[in-house]
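Listed in order, the protein sequences are those of chains U and A. Heads up, the first sequence is in the numbering used here, so the first residue is 42 and it goes up one at a time. Heads up, the second sequence is in the numbering used here, so the first residue is 15 and it goes up one at a time.
Keep in mind that the hints were calculated from the coordinates and are not lab data. Treat the hints loosely; a few may be bogus.
Cβ-Cβ distance ranges computed for the label pairs, FRET-style [to be verified]:
#1 Asp-420(U) to Lys-470(A): 23 to 33 angstroms
#2 Ala-463(A) to Asp-420(U): 35 to 45 angstroms
#3 Ala-45(A) to Ala-54(U): 49 to 59 angstroms
#4 Tyr-404(A) to Gln-423(U): 15 to 25 angstroms
#5 Asn-49(A) to Leu-170(U): 29 to 39 angstroms
#6 Asp-291(A) to Asp-407(U): 37 to 47 angstroms
#7 Leu-179(A) to Asp-392(U): 34 to 44 angstroms
Only a predicted model underlies this, so the values are computations on that prediction, with no experimental measurement involved. Virtual Cβ for every residue (Gly too), placed ideally from N, Cα, C.
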Amino acid sequence: MSDTLEKLTEETAFLDLHKNFVEENKPNSALSAIHESALSRFEVLGFPHSKHEMYTYVNTKKLAATAFAVSSPSEKIDLIDKHIYSGCENSCLVFVNGVLDQTLSRLQAIESSVKISSLEEKDDVDTLLVSLENENDVFACLANAFCADVTVVEIPDKGQVAVPIQVLFVSTGDTSRPEMHSPRLLWKVGKLAEVKVIEKFVGMQEGYFTNMVQDWKVAEGAGVILTQVQSDPFGAWNFQKTRVHIKRNARFHSANASSGSVLVHNHFEVRLEEEGAEVILNGVSVLKGKEQVHNFIRIHHEAPQCISHQHFKNVINDEGRSSFDGTVIVNQGAQLTNANQLINNLMLSDDCHADNKPNLMIFADDVKCAHGATIGQIDEEQLFYLQTRGLSKKFAKELLTRSFAESIVQTIQFPEVVKELNNTLLKKLEVENV
Amino acid sequence: MSDEQNSVSDLLEDNQYKYGFTTDVESDTFAKGLNEDVVRAISKKKNEPEFMLNFRLKAYAKWKTMKEPAWPNVHYPSIDFQDISYYSAPKKKKVLESLDEVDPEVMRTFEKLGIPLDEQKKLANVAVDAVFDSVSVATTHKKKLMEQGIIFCPISEALQDYPELVEEYLGTVVPVGDNYYAALNSAVFTDGSFVYIPPDTISPMEISTYFRINTEETGQFERTLIICAENSYVSYLEGCTAPQFDTNQLHAAVVELVTMDNAEIKYSTVQNWYAGDKETGKGGIYNFVTKRGKCAGENSKISWTQVETGSAITWKYPSCILQGDNSSGEFYSVALTNGHMQADTGTKMIHIGKNTRSSIISKGISADQSSNSYRGQVKIGKNATNARNYSQCDSMLVGDKSSAHTFPYIETANSSVQVEHEAATSKISEDQLFYFESRGISRENAIEAVISGFCKDVFKQLPMEFAVEAQKLLTLKLEDSVG
Numbered sequence: 042m043s044d045t046l047e048k049l050t051e052e053t054a055f056l057d058l059h060k061n062f063v064e065e066n067k068p069n070s071a072l073s074a075i076h077e078s079a080l081s082r083f084e085v086l087g088f089p090h091s092k093h094e095m096y097t098y099v100n101t102k103k104l105a106a107t108a109f110a111v112s113s114p115s116e117k118i119d120l121i122d123k124h125i126y127s128g129c130e131n132s133c134l135v136f137v138n139g140v141l142d143q144t145l146s147r148l149q150a151i152e153s154s155v156k157i158s159s160l161e162e163k164d165d166v167d168t169l170l171v172s173l174e175n176e177n178d179v180f181a182c183l184a185n186a187f188c189a190d191v192t193v194v195e196i197p198d199k200g201q202v203a204v205p206i207q208v209l210f211v212s213t214g215d216t217s218r219p220e221m222h223s224p225r226l227l228w229k230v231g232k233l234a235e236v237k238v239i240e241k242f243v244g245m246q247e248g249y250f251t252n253m254v255q256d257w258k259v260a261e262g263a264g265v266i267l268t269q270v271q272s273d274p275f276g277a278w279n280f281q282k283t284r285v286h287i288k289r290n291a292r293f294h295s296a297n298a299s300s301g302s303v304l305v306h307n308h309f310e311v312r313l314e315e316e317g318a319e320v321i322l323n324g325v326s327v328l329k330g331k332e333q334v335h336n337f338i339r340i341h342h343e344a345p346q347c348i349s350h351q352h353f354k355n356v357i358n359d360e361g362r363s364s365f366d367g368t369v370i371v372n373q374g375a376q377l378t379n380a381n382q383l384i385n386n387l388m389l390s391d392d393c394h395a396d397n398k399p400n401l402m403i404f405a406d407d408v409k410c411a412h413g414a415t416i417g418q419i420d421e422e423q424l425f426y427l428q429t430r431g432l433s434k435k436f437a438k439e440l441l442t443r444s445f446a447e448s449i450v451q452t453i454q455f456p457e458v459v460k461e462l463n464n465t466l467l468k469k470l471e472v473e474n475v
Numbered sequence: 015m016s017d018e019q020n021s022v023s024d025l026l027e028d029n030q031y032k033y034g035f036t037t038d039v040e041s042d043t044f045a046k047g048l049n050e051d052v053v054r055a056i057s058k059k060k061n062e063p064e065f066m067l068n069f070r071l072k073a074y075a076k077w078k079t080m081k082e083p084a085w086p087n088v089h090y091p092s093i094d095f096q097d098i099s100y101y102s103a104p105k106k107k108k109v110l111e112s113l114d115e116v117d118p119e120v121m122r123t124f125e126k127l128g129i130p131l132d133e134q135k136k137l138a139n140v141a142v143d144a145v146f147d148s149v150s151v152a153t154t155h156k157k158k159l160m161e162q163g164i165i166f167c168p169i170s171e172a173l174q175d176y177p178e179l180v181e182e183y184l185g186t187v188v189p190v191g192d193n194y195y196a197a198l199n200s201a202v203f204t205d206g207s208f209v210y211i212p213p214d215t216i217s218p219m220e221i222s223t224y225f226r227i228n229t230e231e232t233g234q235f236e237r238t239l240i241i242c243a244e245n246s247y248v249s250y251l252e253g254c255t256a257p258q259f260d261t262n263q264l265h266a267a268v269v270e271l272v273t274m275d276n277a278e279i280k281y282s283t284v285q286n287w288y289a290g291d292k293e294t295g296k297g298g299i300y301n302f303v304t305k306r307g308k309c310a311g312e313n314s315k316i317s318w319t320q321v322e323t324g325s326a327i328t329w330k331y332p333s334c335i336l337q338g339d340n341s342s343g344e345f346y347s348v349a350l351t352n353g354h355m356q357a358d359t360g361t362k363m364i365h366i367g368k369n370t371r372s373s374i375i376s377k378g379i380s381a382d383q384s385s386n387s388y389r390g391q392v393k394i395g396k397n398a399t400n401a402r403n404y405s406q407c408d409s410m411l412v413g414d415k416s417s418a419h420t421f422p423y424i425e426t427a428n429s430s431v432q433v434e435h436e437a438a439t440s441k442i443s444e445d446q447l448f449y450f451e452s453r454g455i456s457r458e459n460a461i462e463a464v465i466s467g468f469c470k471d472v473f474k475q476l477p478m479e480f481a482v483e484a485q486k487l488l489t490l491k492l493e494d495s496v497g
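Build the full structure now, drawing on both the sequences and the hints.
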């Protein structure tokens, strides 16, 4: 009985928070419709319990019990320059506490080729509403309910965006009372268009919950390269849901580098809707202390001859926790599917956890599907070999762990990002006392 | 498709039901329904010691608070547990005069599977002449086992003769409240097998349920308990390849295995129960089984081998709890589904002790409109240093309406472990068969070759005669589906 009461209060707290949020923000009718739909879905789903299939390995109890404040969007911040990659100086969108900041964003380089607007078109509203009806991730519902705006980024047909677009999510944070904010984006990539995007999450201090949802509509023959860099401070929650719809012969290549925090949850839902669609999802995480990164992936092969590749690597040390829950679903009739999934975990301490659930659901008979998962340590023989060559044990270990993670980092197509990750993410492997 | 091939599939279906395994409703069959009084009555009827009644009541109390599991990847109309009679005296099947009366198609299956004549008679329920009396064969075996101190008897008998042994081990591997069906079984089971291998004993023969006398019909809630003491070994066989029919639709068995230091149990199952109407999938058996072994001692080993080819729904996860240091667990499985069958099967390997190792080889074959899921868990505890696991789960799809799923759960909390998991999906295609046929190899042999290649790793774990029969059985079942 007490259980039910407690549960009720957790969800009611968020419902009450939403009332304040609406009063402060006064959303327009389109946004209100999304909020309403998302809230009712949120009430149906409720916060996950420990046996919930989507959150089997992710403990969200503490998060659900936290009393958040809604972030105020108007705060001014400096020092964002160091987070802008060179090459993106004139093509960056800056979100401060979940809301696009027009003054900080610089769009000169992409003004002509990219249209950025707030949610207006009825079609877009409908798309978002439809996707909400089938939303099973309670945190994605929450994000939809608390989004102050929906930023629509549109690349017209045959549009070639010359420079990479950087999207920087800055959170100001509040250590005394954690803040919550929900950036919401809709990307519309036109036919045969090409775009490269770097998304980066940073925080000024601890004490916030970034709950991002983005939709990608990738039209026929288009190509998208997405790179995500998560480098929040430890005391921050970072949840994101990326929903991707890929049409005929279009490509969506993504790489995610997470340095972990108290709880990071990446949820990808990819639908290969027409023949020849292709998706690549790569991910790497390096965890220390009590950091956690959880990946949840669903890839739906809805049409024949689509390709999906996933490769995730995690290096886990101290009391770190990592989980991977990925399912490839091959629908009936989706013949000649080629699906691959590989998860490698490197465990460096006795207190860390690595949980994996690589699932396959196949309803077609002429397919090539494979998955693999490994959990292990540094190979003693490799270590020995390096030592025979005069390397110290410590350095040999460092070299091996670094190269393990680096193979994913190197798939990132932006040298600036790789350079940065070498000095941040992979740096974490250096100091450790392995 | 030739007529001959069509008829093969028919024979595995309701043809046999024409012979109506009629049940004489005897006076001591309980009325339908389940309540505490029924549980007490079962215990009384079997004249059980008091601990057993308490065990049953505890299980029943647990069961009442539990819900039917909804997580398996199978769909079926809900079961009315109050519509089942929980105790009935052994049912009688109609006895036939000679093999001539048996359906010729059934005979053809027997021939294909290469079942010996006397065994055929027994399976087809033909009156057996004195020379081949299975009872006498069984008695001889039992005597031979007794000489070595091996106890092999129905569990109801064991409760009378060796209550302290049963009390010590029953429910230690599968607790009364382990899951919905295990709790139900614990409350109402009526019979099953009990095996005890004393220390330093290698069982002189493979023990098979087939030898067990007085247990033609163990009922739908079967309970098996096998204990293998220090330095002992036993191989236990369950089921048979010939199609089995039963009047009970729901089967919820529980099997518990315990191995002490340096002991080993090898448990092989071949299951081929009625799978329901091929067109509609109605009427097949629901096989909801809890099988679990505990490697309690150091260096002990438990090996599960299963060939699952029947039942409308299979829900079964033979598991190993690797508690003793250096203990090992193995799981070899071939699960074939055709028609409208649904199987959600796999294993759990729980590593607790140091240097424990486990390997999982699972082969799923899914034909027609069936659904075949592998669900396996590998859990490595904090103290299981140097634990190793290797899992391989392959699926073969036959026909574009079938489906194959894999749901592995890999959980590790120790850095000295090595866990590998891989899975792949392939198909048996017209091209492959055409190639064989173009080389002058018959279609039947071609299917057999492909299947035997696919399942080789599992079949080689089966006792010889089982392996040969199992392979033929799979070929037979797939004849209709390919091409």
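So, going through the hints one by one against the coordinates:
no.	hint	in the structure
1	Asp-420(U) to Lys-470(A): 23 to 33 angstroms	holds, 30 angstroms
2	Ala-463(A) to Asp-420(U): 35 to 45 angstroms	holds, 38 angstroms
3	Ala-45(A) to Ala-54(U): 49 to 59 angstroms	holds, 52 angstroms
4	Tyr-404(A) to Gln-423(U): 15 to 25 angstroms	holds, 20 angstroms
5	Asn-49(A) to Leu-170(U): 29 to 39 angstroms	violated, 50 angstroms
6	Asp-291(A) to Asp-407(U): 37 to 47 angstroms	violated, 28 angstroms
7	Leu-179(A) to Asp-392(U): 34 to 44 angstroms	holds, 41 angstroms
Hint compliance for this structure: hints 5 and 6 are broken, all remaining hints hold.
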